[in-house]
Amino acid sequence: MNVLWIHRLTCCGNTHSFLNYEHLDKLFEKIKLLYHPSLSLNDEREVVENILSGKLDLDVLIVEGAVYEDDLEIKRLCETAKVVIALGSCASYGNIPALLNSRVCGLQYRFKNKGGLLGADFLSSSGKPVINLSGCPAHPDWIATILLSIYNDENIDLDQWNRPKVFYSTLAHWGCTRNEYFEWKIEAERLGSKKGCLFYYFGCRGPLTYSSCNKILWNSVSSKTRVGTPCFGCTEFDFPRVGLFETKQFANIPAELPIGVSKRGYIMLSGIAKVFAPERLKIED
Amino acid sequence: MRIEKRILARVEGTAYLELEWKDGVISDARVIVAGSRSLEKALEGRPVTDALVITPRVCGICGHAHLMASVLAIENALGNPQIPKKAELLRKITLNLEKIQNHIKWFYLFLMPDFLRLGEELKDFEPYSGSKWKKAISLCADITKAIALFAGQWPHSSYAVPGGVTSQPDIHQIYSAMQIVCNVKEFFLEDMVGMPEEEYKKLGESGLWEKIEGDCGIFIELTIKHGLDWKGKSYCRMITSEQVPSCNSVVKVFSGRRFHPANYESIQVLERSVYSQTQIVRYKWAPCETGPIVRRIASGDKIVIRLHKTYGSSFISRTLSRILEVWDLLIEVENHLKKLPSLLKEPSCLDLMDKVKRLNGEGVAFVEASRGMLMHRIKVIEGKIADYRIVTPSMWNLGPRCRRFLGVAEKSILNLNNPIHAEMVLKSFDACSVCTVR
Chain A
1 MNVLWIHRLT CCGNTHSFLN YEHLDKLFEK IKLLYHPSLS LNDEREVVEN
51 ILSGKLDLDV LIVEGAVYED DLEIKRLCET AKVVIALGSC ASYGNIPALL
101 NSRVCGLQYR FKNKGGLLGA DFLSSSGKPV INLSGCPAHP DWIATILLSI
151 YNDENIDLDQ WNRPKVFYST LAHWGCTRNE YFEWKIEAER LGSKKGCLFY
201 YFGCRGPLTY SSCNKILWNS VSSKTRVGTP CFGCTEFDFP RVGLFETKQF
251 ANIPAELPIG VSKRGYIMLS GIAKVFAPER LKIED
Chain B
286 MRIEKRILAR VEGTAYLELE WKDGVISDAR VIVAGSRSLE KALEGRPVTD
336 ALVITPRVCG ICGHAHLMAS VLAIENALGN PQIPKKAELL RKITLNLEKI
386 QNHIKWFYLF LMPDFLRLGE ELKDFEPYSG SKWKKAISLC ADITKAIALF
436 AGQWPHSSYA VPGGVTSQPD IHQIYSAMQI VCNVKEFFLE DMVGMPEEEY
486 KKLGESGLWE KIEGDCGIFI ELTIKHGLDW KGKSYCRMIT SEQVPSCNSV
536 VKVFSGRRFH PANYESIQVL ERSVYSQTQI VRYKWAPCET GPIVRRIASG
586 DKIVIRLHKT YGSSFISRTL SRILEVWDLL IEVENHLKKL PSLLKEPSCL
636 DLMDKVKRLN GEGVAFVEAS RGMLMHRIKV IEGKIADYRI VTPSMWNLGP
686 RCRRFLGVAE KSILNLNNPI HAEMVLKSFD ACSVCTVR
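Sequence order for the protein chains is A and B.
Counting in my numbering, the final residue of the first sequence is number 285, and the numbers go up one at a time with none missing.
Counting in my numbering, the final residue of the second sequence is number 723, and the numbers go up one at a time with none missing.
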């Protein structure tokens, strides 16, 4: 399977994330990277010309980085490729490079608006919209699994943001080791504390962010919340929000509640939870 | 005269090299970096702690160094609070580990494959299939795992916060990290320099770099064979920083013979050049090189000092400084890890968040990142960022010319007669375009 990896406005974080993939050598037995800017010896221009002139088949195009809205080369490559992957939040939504530059966008979105470089109706030659692997960066397993799934010609179910449901249908909250504190509404009062949930004071987006970070873990061992850092919601279109370490509150209630939770439900349950919280959770080591 | 524009592959990000040829040699060179992401501007008006999440996104390979610079700049603005020893060690450990994976990736993925382009038979270094290429990548994945044990993830952790770190590791994480460090030490000795520890230590004392074996030995042999050892000289002036106990750092300028204390206020960021989106950085109007070579000289590394005496700052001395730094970084990590178990009862972090929210002031921080001296400067009003300035090592090294001087890398390429040599010399700075433009 022929894969072309192209960089645009990027920090290359997705590349370095990808290099952490545990079974990289096995993956390279199945996919052929026609070109990767950080890894390949051959010439990018030559590969791109050969693809555009039809001499080389392009099965998957991976774009890493945000793009300018008039990037014709990327547009033509997207039209040629059987499947297009926007890798990382920059290529998916524009992310940081698009914050102050209205000419910069993602492949098929600009933040929450559909459109981007390719337009809302774009479908690749195999009839798929751009597959968004959002995340800043995307997890290596997300990239590798989707590549293998395309290789095996499987159907990839996408969510409303065109992200594969297999990785983006559960919340970053799932698997967080501080879940019990969340349940009983015991809040971390300061950073660096072993105990307490980071949702109430420190802006943790875990209950508001679709990603499998805490299920599959980063670098196979940990995650932000597992080391006491709040989740910043980097797989969502509104990353990076203003006030990343803060929870905005109205009348002592977080301005945004966990997805699907009503204000009334939250107030009632947290009241009860606090009253009945087990003592062992309250003691700081 | 002929002008040639080359895309640079296997560097961090996208960069072009424009070469002017006259009588078979390069008579002028421009390093062109495009693709500004306006990161500093995006920080203005945000709560100051947002920098801890956004500045690591400057660079996918040295984001941790940016995190450290951000947190130190904020702490500097707070009056340099004494953070817990545990947090200080953890920060040093994860920053060192980031540098170690950087240097190993750079050597095996970016630099060595260029010898294949010079016609060398180096099957082991072949991208995607070479055994050494694959081994280096999987080793680096292990190193980043060791970072994640403390920092949650790599790339793009934000675990360092004003007052310390967010994580509370226990002996499980510490011993897991120690095992990884043992593996990397073994790799360094067996694969990279091809000798047992005792022998390598002796070599370090004698400074006899010619005796290095292993993959570095292959590198030395090929470099000399292709006449690259003398190539790639730039200015003698170099700049570095040194961490001093009271939290922040001092800046030093190396004149080629000795170090002079420098005043960071004399670091100038001039206008953008006409051909590159990079700003021009100068110290007292003159260019300076930065990188492992100058910090190795400052730390008294006999191998690097001997190399520098013979070659000055050139392709071979820059490269070996970078690779051999891996060993010292590993030993440091090992020593810090050993100290951690007795500090686990310490708090991980001072509670400074309320102070940070009301902070008014200015802060500056210097961090020795993989590619050299990194500076962050911050102005904070009522807890919000009023101004954020970053000067990356790659701005010093890859930045464009001013009216009087060529850029550091530009000068190093002059008079070469082979475009692949030119690219390799440029890579000896560990060229990173993403850091150059942000």
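Calculated directly from the structure, the hints in this document are not laboratory data.
Built from N, CA and C at the ideal position, the CB exists for glycine as well.
Fair warning: there could be bad hints in the mix.
[Claimed, not checked] Below, computed lysine-lysine pairings styled on DSBU-like, alpha-carbon distance capped at 35 Å:
#1 A:Lys215 with B:Lys624
#2 B:Lys377 with A:Lys282
#3 A:Lys215 with B:Lys642
#4 A:Lys112 with B:Lys669
#5 B:Lys594 with B:Lys370
#6 B:Lys419 with B:Lys569
[As the list claims (entries may be wrong)] The following residues of chain B were derived to be distant from chain A, with all beta-carbon distances above 12 Å:
#7 Gly309
#8 Ser323
#9 Tyr413
#10 Ala445
#11 Ile505
#12 Ser584
#13 Lys587
#14 Pro626
Worksheet item: Taking 12 Å as the cut and beta carbons as the points, is Ala445 (chain B) off the interface with chain A?
Response: violated (9 Å)
Worksheet item: Does Lys624 (chain B) lie within 35 Å of Lys215 (chain A) when you go C-alpha to C-alpha?
Response: Roughly 32 Å between the alpha carbons, so the hint for Lys215 (chain A) and Lys624 (chain B) holds.
Worksheet entry | Status of the stated non-contact between Ser584 (chain B) and chain A (beta carbon gap over 12 Å) | Correct as stated: the minimum Cβ-Cβ distance to chain A is 27 Å, above 12 Å.
Practice prompt. May I ask you to check that Pro626 (chain B) keeps its beta-carbon over 12 Å from the closest beta-carbon of chain A?
Written response: holds (15 Å)
Worksheet item: Hey, Lys215 (chain A) versus Lys642 (chain B), does the alpha-carbon distance stay inside 35 Å?
Response: Measuring from Cα to Cα gives roughly 33 Å; hence the hint holds.
Discussion item. At 12 Å, judged by beta carbons, does Tyr413 (chain B) keep clear of chain A as stated?
Written reply: For Tyr413 (chain B), whose nearest Cβ neighbour in chain A is about 5 Å away, the distance does not exceed 12 Å, so it is violated.
Practice prompt. For the pair we were handed, Lys594 (chain B) and Lys370 (chain B), check the Cα-Cα distance against 35 Å.
Written response: violated (38 Å)
Fill in: Least C-beta distance between Ile505 (chain B) and chain A, which was stated to exceed 12 Å
It holds; Ile505 (chain B) is separated from chain A by about 22 Å at its closest Cβ, greater than 12 Å.
Worksheet item: Far enough from chain A: is every CB of that chain over 12 Å from the CB of Gly309 (chain B)?
Response: holds (23 Å)
Discussion item. Does Lys569 (chain B) sit within 35 Å of Lys419 (chain B), going by the straight-line distance between their CA atoms?
Written reply: violated (44 Å)
Fill in: Claimed clearance of chain A by Lys587 (chain B), with the beta carbon kept past 12 Å
holds (33 Å)
Worksheet item: Holds or violated: is the Cβ of Ser323 (chain B) farther than 12 Å from all Cβ atoms of chain A?
Response: violated (5 Å)
Checked against the numbered hints above, the structure violates hints 5, 6, 8, 9 and 10; every other hint is satisfied.
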